[in-house]
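Starting from the given sequences, assemble the full structure and let the hints guide the process.
Residues 1 to 260 (the UniProt record's numbering) make up the sequence shown, in order.
Warning: the hint list may mix true and false statements.
[Unchecked claim] With a straight-line cut-off of 25 Å between C-alpha atoms, the simulated DMTMM-like cross-links for lysine to aspartate or glutamate are:
no., residue 1, residue 2
1, K213, D236
2, K88, D22
3, K117, E90
4, K44, D180
5, K88, E12
6, K88, D129
7, K65, D236
8, K195, E90
9, K45, D129
10, K65, E237
11, K19, E48
12, K158, D180
13, K45, D180
14, K44, E12
Derived from the structure by calculation, the hints contain no laboratory data.
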Amino acid sequence: MKIGINLITGFEYYISSWKSSDDPSQGQYSLRIDPHGQPQVVLKKGLETVYRAGSWDGHYLSARKPDDNPIPLYSYNFVINENEIYFKSELKNSSFISRYTMDPSGLMQRFIWNQMKNEWQVYSTAQADGCSTYGLCGSYASCKSGRFPLCSCLEGFKPKSSMNTSDGCSRTTELGCSGDGFLKQRRLALPDTSKSWANGSMNLKECEEFCVKNCACTAYANLDVTKGSGCLVWLDELIDITEFSQDVQPLYIRMPISEL
Numbered sequence: 001m002k003i004g005i006n007l008i009t010g011f012e013y014y015i016s017s018w019k020s021s022d023d024p025s026q027g028q029y030s031l032r033i034d035p036h037g038q039p040q041v042v043l044k045k046g047l048e049t050v051y052r053a054g055s056w057d058g059h060y061l062s063a064r065k066p067d068d069n070p071i072p073l074y075s076y077n078f079v080i081n082e083n084e085i086y087f088k089s090e091l092k093n094s095s096f097i098s099r100y101t102m103d104p105s106g107l108m109q110r111f112i113w114n115q116m117k118n119e120w121q122v123y124s125t126a127q128a129d130g131c132s133t134y135g136l137c138g139s140y141a142s143c144k145s146g147r148f149p150l151c152s153c154l155e156g157f158k159p160k161s162s163m164n165t166s167d168g169c170s171r172t173t174e175l176g177c178s179g180d181g182f183l184k185q186r187r188l189a190l191p192d193t194s195k196s197w198a199n200g201s202m203n204l205k206e207c208e209e210f211c212v213k214n215c216a217c218t219a220y221a222n223l224d225v226t227k228g229s230g231c232l233v234w235l236d237e238l239i240d241i242t243e244f245s246q247d248v249q250p251l252y253i254r255m256p257i258s259e260l
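As structure tokens, then:
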């Protein structure tokens with residue numbers, strides 16, 4: 001499977017749904033690359049983002065839980081250069097037979113052919129839990145599957161509405177710009193990167209220094225978690241954040257000193 005954009009010609013290759021189960025014309029949903037900010041994989045319904053797999057962190061798509069199968073069947077690659085941007089997944093073992101589907105409702109699944117049972121079996125489902133809907137909890141809030149309610153404000157933030165947990169959160173103490181610090185979060189998926197900036201040559205310390213000097217910077221992280229290198233900074237409110245039960249890539253969120 002390969003999706004992407006040719007930056008020279010503007011040609012875009014993506015996966016789209018059927019209009020209905022018996023009408024193979026192009027439907028409402030499409031899995032494609034969003035090139036804005038740090039490029040990421042998203043599912044769109046028309047022009048609206050409804051699911052986000054995330055940007056590449058050097059290991060996997062950063063908004064989703066990595067494939068923790070002890071014997072992973074797929075290899076993944078995300079390429080960004082002056083000619084094109086693309087995400088590609090391939091079977092590691094050519095003896096396996098696999099297919100990727102998107103039904104008319106936008107549900108995305110991988111299937112593996114079971115030769116013993118002579119049938120297709122689901123290997124993975126993209127929208128596997130209640131936190132799959134894009135921006136479900138609003139800004140500065142995380143969504144955790146199995147928690148009730150699903151949405152919870154990040155540390156140092158309070159609900160905007162006592163009636164609706166999906167309205168997002170606001171800071172308990174406003175930033176002062178100069179003198180702010182950063183709170184390290186280890187169990188949060190990286191937020192939407194459509195309004196972010198990246199530099200592959202900076203280290204984490206340089207990234208922090210850059211963020212401190214830029215009052216619009218709300219958070220930063222390594223661009224490549226496998227090498228501990230590169231700089232990714234967010235320049236707007238943090239949105240679409242999944243919370244995991246285990247540690248993932250650290251995210252450093254800008255906070256007033258009084259909240260640290």
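Here is what the structure says about each hint:
The hinted pair formed by K213 and D236 meets the criterion: a straight-line CA distance of about 15 Å does not exceed 25 Å. A C-alpha spacing of about 28 Å is found between K88 and D22, which places the hinted pair above 25 Å, so the restraint is violated. Taking the CA atoms of K117 and E90, the gap is near 24 Å; set against the 25 Å cutoff, the hint holds. As the CA atoms of K44 and D180 are separated by approximately 36 Å, the hinted pair breaks the 25 Å bound.
Restraint check for K88 and E12: the C-alpha separation of about 14 Å stays at or below 25 Å, so the hint holds. For the suggested pair K88 and D129, the alpha carbons sit about 24 Å apart, so the restraint of at most 25 Å is met. Distance restraint check for K65 and D236: the Cα-Cα separation of roughly 24 Å lies within the 25 Å cut-off, and the hinted pair is therefore satisfied. A distance of roughly 29 Å separates the Cα atoms of K195 and E90; the hinted pair therefore is violated under the 25 Å criterion.
Straight-line distance between C-alpha atoms of K45 and D129 comes to about 19 Å, which keeps the hinted pair within the 25 Å bound. Between K65 and E237 the CA atoms are separated by roughly 22 Å; this keeps the pair inside 25 Å, and the hint holds. Taken as a hint, the K19 and E48 pair is honoured in the structure, with Cα atoms around 17 Å apart against an allowance of 25 Å. Taken as a hint, the K158 and D180 pair is honoured in the structure, with Cα atoms around 19 Å apart against an allowance of 25 Å.
The hinted pair formed by K45 and D180 fails the criterion: a straight-line CA distance of about 38 Å is larger than 25 Å. Of the pairs offered as hints, the one joining K44 and E12 holds, with about 14 Å between alpha carbons and a cut-off of 25 Å not exceeded.
The structure does not agree with the numbered hints 2, 4, 8 and 13 stated previously, though it agrees with the rest.
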